[in-house]
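Novice: First to last, the sequence lines map onto chains A and B. Its first residue numbered 3, the first sequence is counted upward by one per residue in my numbering. Its first residue numbered 23, the second sequence is counted upward by one per residue in my numbering.
No lab work stands behind these hints, which were simulated from the structure alone. Since we're looking at a predicted model, the values are computed, not measured. Each hint can be trusted.
The list that follows gives simulated cross-link-like pairs (lysine to aspartate or glutamate, DMTMM-like), each with its CA atoms no further than 25 angstroms apart: (1) A/63 x B/184; (2) B/244 x B/500; (3) A/64 x B/122; (4) A/64 x B/628.
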Amino acid sequence: MKFKFHYIILMALIIMAASCKKDTFEPPQSTLKGRLVYNGQALNLEYAQVPIQLYQSGFGKKGAITGTAAQDGSYSFLLFNGDYKLIIPGAQGPFRWNQTTGDRDSLSVSVSGDQTLDLQVTPYYLIENAQYNASGRDITVNFNINKVIIDANAKDIESVALYINKTQFVSGAGDGNIANANMAGTDITSMNNVTLTATVPNLTPTQNYVFVRVGLKIAGVEDMIFSPLQKITL
Amino acid sequence: MKKIFIITISAALLITASCKDNDFLDIEPRDVVPTDKMFSDPALVLSVVADLYQRQLDFSGLDNGWASFVDFSEAYPSENGSAFFVQRSNWGFSEWNTWDYGYIRDINLFIERATASTALNEGDKRRFIAEGRFLRASYYFELVKRMGGVPLITNSLTYEGDVESLQTPRSKESEVYDFILNELTAIKNDLPASSDTKSRASKGAAFAMMSRAALYAGSIAKYGATTPSVTLPGNEVGIPAAMANGYYAKALAAADSIIEGKAGSYSLYTSLPNLSDNFAAVFLDKSSTNHESIYIEDFKVGTNKVHSFTVNNQPYSRSEEGADAGRLNPSLNIVEAFEKLDNTYAPIPTTDENGDPIYYANQQDIFAGRDARLAGTVMLPGSIFKGAAIDVRAGYQNAAGDFVSSGNLPGTSTSAVGLDGPSDGLEFRTQTGFYIRKYLDPVTGSGRRGRRSDVAFIRYRYAEVLLNAAEASFELGDEGTALNYINQVRARAGLTTPLTSLSFDRIVHERRVELVFEGHTLFDMKRWRLAHRVWDGQTMTVADLKSNIGSATKHNTQPFSLWPYLYVNPGSPNNGKWIFREVKLSRVTGANRFQLGNYYSQISDDILSRNPKIVKQPNQ
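Sequences are here, hints too, so could you generate the full structure?
Specialist: Shown next as structure tokens:
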């Protein structure tokens, strides 16, 4: 048998043309985004520590699409259109959410095209009026604590802390701060005037600014709630 | 044409002739042993049970690889490809999980078939069944430590068209512990009561597992109260606090059974006069003089059952396999935790009260007067291994006070940095200043890939049983008994001044230094609910490292190094002496952060969607 080269090319072209037609799915294109809010004000959280889960039933196996809230309380998903159930699982987040019984309830979300959905939550505490004062390399902060939940579900303050970092990711995690000042909840005498001071260490490479936030740890809750991020020039 | 006719006819004849007798083709397979044959001969049953033994799960194990020992800042991985251990800032929720119901099914089938067998004699049969149940209890213990309450499957399941009847919900965490304790109680008398039975289940092993399991359940009940969010409403995770004392009493009773000699003669190993060598030999001596090891995973040179622990972790300068060495480097964190002989805690003294360096004539002088287990667990700078001293030197300090790590020592042709390092980032040598000594095989050839090592991995040993008894009686309020037990362990380590009072912190400390690198760290920290406090994600400074030693809640998030430098300053009385510096290696960028969701490992979505009766873990 004799091979004819142009037949091979022809065959290859036919196969390629046939297979090119439709070999991938459309990517998801609908954006679902929003913030975790209380009284219209976004909550400040630790980066990537508060998960938000979406479930879509009807596709055989069950599993969550998990995203996390950003530092400023915002979140976003890129999804296919459809009906989803949204939940912030378990004891996550420094707040109570959609909770009539012992367990948290889910929220039905119907996605068709881009949409914004703010999730209403009730934080245990809020840090308000954080005023920063830099003198030399010492940073002093003055703030108020607002106890939002005062009924049977109220929780105590475990500690408050001032965190300072080189980047805008500021938290209690190892890479979230270069300096911090802690105060135990039991040492807080007045909720309306709490002061913390921390010293910025020498930075390499040098930079003349830092980012600061105040975090509050609630007893029995893993995630902290923070004050808004502030950039301070030394 | 004629030929074809003949061939056709003879073929037809052949076919018809051979079809006649069907039994002719019905031969027994030679590569599969049928069940009834298998369970007719004790030697064949032993090969089945050997497979079940081989499949046991350990957290750290000599055949799990060196990296199974390295986490939790007790050691530094001196292999650049494994630097993630010290670079990550958290553990995934699925870390440490296990869900091997295939193994449980195989054990259940084994128990059922052995029970049904009529050809075995009664004694063999009872022992085999007991071994099957021992291994099943052992794996359920492994499951409950990692996953909390799991579905209890105690017989082999058969699918008959109905999936739902096979879907079993999770049992309560306490029910799984109760199952383990009841199983072990039921079988203990069917197992040999001899301290010479080490690699197969024995009565002593059953008691040892009972004491550990009951102790875990008791402490989860007691200390679980401090983390109320690590529970599930159905108690699949979490044990009610009221059950704590019942479990502690069982732990004490089981430990006492071993101590009183009801399971054979077990005792602490005290064969060698040098206490550090003696402690190292606990793990090396497999002869009948070792009455300390209760249940081991055994290895044998010349078979496939050997391990590479010595190959991977031998000192670089004494290596028998070139650069295949030096990976597991114990950290300064664990080294300084070994207390002084007067029962006090102190950091390794590198500087005096004015902050000036202390000069030592010999490298090992800085570690003088400490718990003998330190040199038995960790290979200190200047230790002898396989006939010569290891060469650990980070460089030298000159008269001007500069630390120099390049070139040669002044006036010599010896490199400034020792053959064993330490140098930041130089892998396969120590980077912390220490090598591991526990399990490291001193036999010539053990460091070669072609031979490897047959040092056994001890799963249960007598010293742990004593510590279990001490902890259980302390929690039950009997401090006198607890002191008696814990002081026995300490006296063997050279801490001959007995403790006169006991605290929770003391017990945590004693287990840490006695049992480090034996796979206890994670589970101990979990059951005491200390893990999220000790591994809190905060970075550490040298000042942090040196303070609060001996406190149960001292955070331990980053491994530190202790680097020896030679002081070279002719004309100074300190010339030729050693000074030491604490160093945080450049790769140590993460800090261990144990979240509440890490207390019980994630059950994968795949398992959850196959069995909707299984509830998710808390805080994930």
